[in-house]
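Student: Protein chains in written order, with the numbering used here: chain A, 1 to 237; chain B, 1001 to 1253; chain C, 2001 to 2264.
Just so you know, the hints here were simulated from the structure itself, not pulled from any lab data.
Here a beta-carbon is modelled for each residue, glycine too, at the ideal position from N, C-alpha and C.
Among the hints, a few may not be true.
To be verified - Ranges of calculated distance between the beta carbons of each label pair, as one might list FRET restraints:
1) 2048/C / 1209/B: 53 to 61 Å
2) 1072/B / 2251/C: 29 to 37 Å
3) 2035/C / 1030/B: 39 to 47 Å
Said to hold, decoys possible - Simulated coverage check for chain C against chain A, where a stretch passes if three residues somewhere in it have a Cβ under 8 Å from a Cβ of chain A:
4) 2157 to 2167
5) 2179 to 2185
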Amino acid sequence: MLKIANLSKSFGTHKVIKNVSLTVGSEIRVVLGLNGCGKSTMLKIVAGILASDNGKILIDKRDVTALPPEDRHVGYVPQQASLFKHLSVRENIRYCLRNGRGAEADIDQLVEMLKIENVLDKKPEALSGGFQSRVSLARTLASQPHVMLMDEPLSDLDLAIKEKLIPEFRKVLKKLGIPVLYVTHDLSEAQLLGDRFSCMIEGVLSDADSAEKAFGLIRESISDYDLHGPAQHQLRN
Amino acid sequence: MKRHYLRKLILFLTFLAVLSTNEAICAEPVKLNLYVAAGLKKAMDVVVEKFIKENGVETYPNYGPSGGLYTQIIKGQPCDIYFSADWDLIEKLEQKEMLAQKKKFLKDFIVLVVSKTGENKVRSLNDLTKDGIVLSIADPRAPVGRYAEKGLQNSGLFDTIVAKGNIKAKPSTVNQLAILVQKDQVDAGLIFQSVANMYGLPPIDSMGTDLTGEIVFGIGVIKGGNEALANKFMEFAVQNVAEFVSYGWQPYE
Amino acid sequence: MDGSLMNKIMNKDLITILFTPLLFLLIIYPIVALLTNLEVPGVRETLMDGLFWDSVKNTLLAALVAASLCVILSIGFGYCHLFMRNSLLYKAANLMNDLPIALPHTVAGLALLLAFGRTNFGFAGPTGLAFTMIAVVLAMFFVSYPLAARAVASGVDQMDLESIAVARTLGDTPTKAFLRIALPALREALFSGFVLSFARSLSEFAAVIMFGGNVPGSTQVLASYVFTKVEEGEVAMAVTASGFCIFLSLILVVLVGQGRRRRA
Chain A
1 MLKIANLSKS
11 FGTHKVIKNV
21 SLTVGSEIRV
31 VLGLNGCGKS
41 TMLKIVAGIL
51 ASDNGKILID
61 KRDVTALPPE
71 DRHVGYVPQQ
81 ASLFKHLSVR
91 ENIRYCLRNG
101 RGAEADIDQL
111 VEMLKIENVL
121 DKKPEALSGG
131 FQSRVSLART
141 LASQPHVMLM
151 DEPLSDLDLA
161 IKEKLIPEFR
171 KVLKKLGIPV
181 LYVTHDLSEA
191 QLLGDRFSCM
201 IEGVLSDADS
211 AEKAFGLIRE
221 SISDYDLHGP
231 AQHQLRN
Chain B
1001 MKRHYLRKLI
1011 LFLTFLAVLS
1021 TNEAICAEPV
1031 KLNLYVAAGL
1041 KKAMDVVVEK
1051 FIKENGVETY
1061 PNYGPSGGLY
1071 TQIIKGQPCD
1081 IYFSADWDLI
1091 EKLEQKEMLA
1101 QKKKFLKDFI
1111 VLVVSKTGEN
1121 KVRSLNDLTK
1131 DGIVLSIADP
1141 RAPVGRYAEK
1151 GLQNSGLFDT
1161 IVAKGNIKAK
1171 PSTVNQLAIL
1181 VQKDQVDAGL
1191 IFQSVANMYG
1201 LPPIDSMGTD
1211 LTGEIVFGIG
1221 VIKGGNEALA
1231 NKFMEFAVQN
1241 VAEFVSYGWQ
1251 PYE
Chain C
2001 MDGSLMNKIM
2011 NKDLITILFT
2021 PLLFLLIIYP
2031 IVALLTNLEV
2041 PGVRETLMDG
2051 LFWDSVKNTL
2061 LAALVAASLC
2071 VILSIGFGYC
2081 HLFMRNSLLY
2091 KAANLMNDLP
2101 IALPHTVAGL
2111 ALLLAFGRTN
2121 FGFAGPTGLA
2131 FTMIAVVLAM
2141 FFVSYPLAAR
2151 AVASGVDQMD
2161 LESIAVARTL
2171 GDTPTKAFLR
2181 IALPALREAL
2191 FSGFVLSFAR
2201 SLSEFAAVIM
2211 FGGNVPGSTQ
2221 VLASYVFTKV
2231 EEGEVAMAVT
2241 ASGFCIFLSL
2251 ILVVLVGQGR
2261 RRRA
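Use the sequences and the hints to build the structure in full.
Tutor: The following block contains the structure:
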């Protein structure tokens, strides 16, 4: 279980995350939000890549707030696949073994489930975007993380490829039964993938009953801007 | 922001450049281009100041290594009068028919100076052949290096010193050499008496003219420049030779 | 409409009209002028001069070691640039990157002499580290290191930081992530850092003369050999040695070009 309590973060004077609390059980929790709303920053804080100003992060009741990323046992899948360019696909996926994490048998199964058997000896640059995403997910899952953190890993893909990948990814993630925190700005992606939903608006997180409701809240926040924010208004003209 | 400052800086520099060229163009009174061996600087500064006060002439002394100044002159840089630490260079200019006047001005000698550590190891020129001596002489590009080498050769010490590898450093100017001795980085060095004086390094031995040959600082008046004024300055320098004597040179007679 | 089109053409042509002749006049012409002054007797005399070959050997050897040292230290700087951007150590190191560039090189030589000369390093020999090949290497290193550090820093700036983040979550400590992921990604930056500092080392002489000793046959370097020959009036020999410098630089340029192409 992942528990985030009263998390805050500022860059200079700009408050990016405002007192966020969230509990994720063995489910896929999708956080919908516009670009720049703070959802990626939240993921990076949970992963330990960024430090928060306030708040606590607990993974399976263990307080990891002060731990470096390597001691948190979280899986992080960034927006771009960010594969290790100098290594082959096989070496990418088996990377965690170097640190004594994951198991060979497990990795073989992942390779099969994500259908990457045929590209194992290729270099990442020779792969299509869809396959890069598959490898990126496999590389992270191989380390048997206690929590998955996914920063819209499919947003750069073509629509058709995305539609094909989402159910596959859902199947794999559900099978592991670990908490998955998945952030995206895409409603259909959220609908197809998520079990439960939240939306993040200007660094404030709120729960929603469905993806549609979460999206609706975001839509409202934009019209609020239109009424009160002259900057947005000008942009439109 | 940064670019803003940069633009201001460039504008300012351009402004300065324009100002300075203006000045150069506007100022048209008589002026004297003076090329002087760097070693003479301290004494020459005094003489130049006196000369300007008495004659109201703009004088531009350009200090540098004698060889470098010589190269500038033969490449046609504007020079009216040249003070060289090396008489050979004056004669070379004469061969190239670039000289209106020449005069032997000062005499100098090669002396042996030692550092704090060297004091106990080196007491005379002959000690330079001992094992483990760290000796520095100037690179032959500086006249002082050539004189020192010649002096060592004529005294029959050079081959032993080279064979033992005692020459550890060959700096490019006599001033660098003096610093090496002053900062105790070497045991001993061979430099001009005048330079030793300037750096407060007491000579413990010296080379006679029989070893090094005559060491003459010469004056050359360059053809085609402001010859009358150059001659005047030459006479003025000779009259004020006491300034140079106070730094350790001897007047050439 | 017509005017703006004209402007566009003018702008484009203005650049070609200005740039090409300026490049030729200011860069290529001087090099050609030097090479056309090569004379057979000068070449023969230089190539027969044992001290010339000694200086070539000293230069190449010392520059090679110095450039390697530059790369090794710049790797350390790259680590600080990546993981310790807010630390005092990094800020101090960053400041030091600019200082040697601003320092006159004779002063740099003097500084090295006072630091590593026999007053402080007397245990290392009768002259400390000064006036040895180690001194030549240190002097070259001192003036060239900033180039390597800057090359590596700009390489780090262009790196995919997310891949480092992923490596960390897969269990890498900062050191491991740096060695396994960052270093391979920095290969090209390290290579160009090596070449830049090697080239800079080849041409350094002010600091090398003051600290290295400049004794022909043992610690004299090529740049100082050229300088000495110019001052001695041996112009033909100086031209030959300079031509040799240009030849060395050309080889370097070709090497860099090939390295880039292979990677592309």
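Student: All hints, please: hold or fail.
Tutor: Hints versus structure:
{"no.": "1", "hint": "2048/C / 1209/B: 53 to 61 Å", "verdict": "35 Å, violated"}
{"no.": "2", "hint": "1072/B / 2251/C: 29 to 37 Å", "verdict": "33 Å, holds"}
{"no.": "3", "hint": "2035/C / 1030/B: 39 to 47 Å", "verdict": "43 Å, holds"}
{"no.": "4", "hint": "2157 to 2167", "verdict": "holds (count 6)"}
{"no.": "5", "hint": "2179 to 2185", "verdict": "holds (count 4)"}
Violated hint: 1 only; the structure is consistent with all others.
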